[in-house]
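Number of protein chains: 2
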Amino acid sequence: MSRFAPMPEPPYYAVIFTAQRTAGDSGYGAMADKMMELAEEQPGYIGVETTRDADGLGITVSYWADEEALIAWKKVSEHLLAQKLGKFRWYSHYTLRVAKVERGYEGPEGR
Amino acid sequence: MSRFAPMPEPPYYAVIFTAQRTAGDSGYGAMADKMMELAEEQPGYIGVETTRDADGLGITVSYWADEEALIAWKKVSEHLLAQKLGKFRWYSHYTLRVAKVERGYEGPEGR
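Those protein sequences? They're chains A and B, same order as listed. Note that the first sequence ends on residue 113 in the working numbering; no numbers are left out. Note that the second sequence ends on residue 113 in the working numbering; no numbers are left out.
Simulated from the structure, these hints should not be mistaken for laboratory data. The reader is advised that the hints may include incorrect statements.
Note that the list lumps identical chains together, so a pair holds whenever it fits in one copy or between two copies.
In the DSSO-like style, the derived pairs of lysine-lysine whose C-alpha atoms are separated by at most 30 Å in a straight line are [unchecked claim]:
hint, residue 1, residue 2
1, Lys-102, Lys-76
2, Lys-77, Lys-102
3, Lys-36, Lys-102
4, Lys-36, Lys-76
If we strip away everything but chain A, and leave its shape as in the complex, we get (with noise of 0.2 Å):
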């Protein structure tokens, strides 16, 4: 499966997440996991892009088609869970920033 996430025509929506994470684990590998198959049902999901360095800071981007489908998922109550289990035991620190795609490219070009 691939890790990078579509690249559809802009405008879409980006949501960065970047977390430092507390040591050990506290569920939080299952709760991932079902974050990330819920949120391929959603209406709206273009796809996902995530990484996470030996030091706990991670990137996540989710993409999704319009403000409409990044609100809905915000308010699918598991995700809503998550969220605020996170803030007490998963991460030390986060930012949530919602952005939205105005351009993009891929490559490597002329291989």
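Dock chain B against the given chain A, drawing on the hints supplied.
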């Protein structure tokens, strides 16, 4: 040094760069350090968040005050050079998306 970028009042711009590294360093580390130094000197630079997992998938998000700032950065010659070399040597695949940040939050709250 914090690995989180500042959270200014939106709107501002995000450049989301997702890339799969090839094996070996091939001068990548030195180039990446130099790029980071150059970015910090640019007008309109807000900050950067970057992480990469053991499989070589990295996500780097740089934040810029306005479109002018990101166009200027794109033109910096060493950046262009790095892009060019990157296409042929450092990455097996990459995507770059330019997005306008509309809102942002950070946490954890309630601690």
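Hint by hint, here is what the structure shows:
1. Lys-102 x Lys-76: both (16 Å within a copy, 20 Å between copies)
2. Lys-77 x Lys-102: both (19 Å within a copy, 23 Å between copies)
3. Lys-36 x Lys-102: both (26 Å within a copy, 29 Å between copies)
4. Lys-36 x Lys-76: Classified as within: same-chain Cα gap 15 Å, cross-chain 38 Å, threshold 30 Å.
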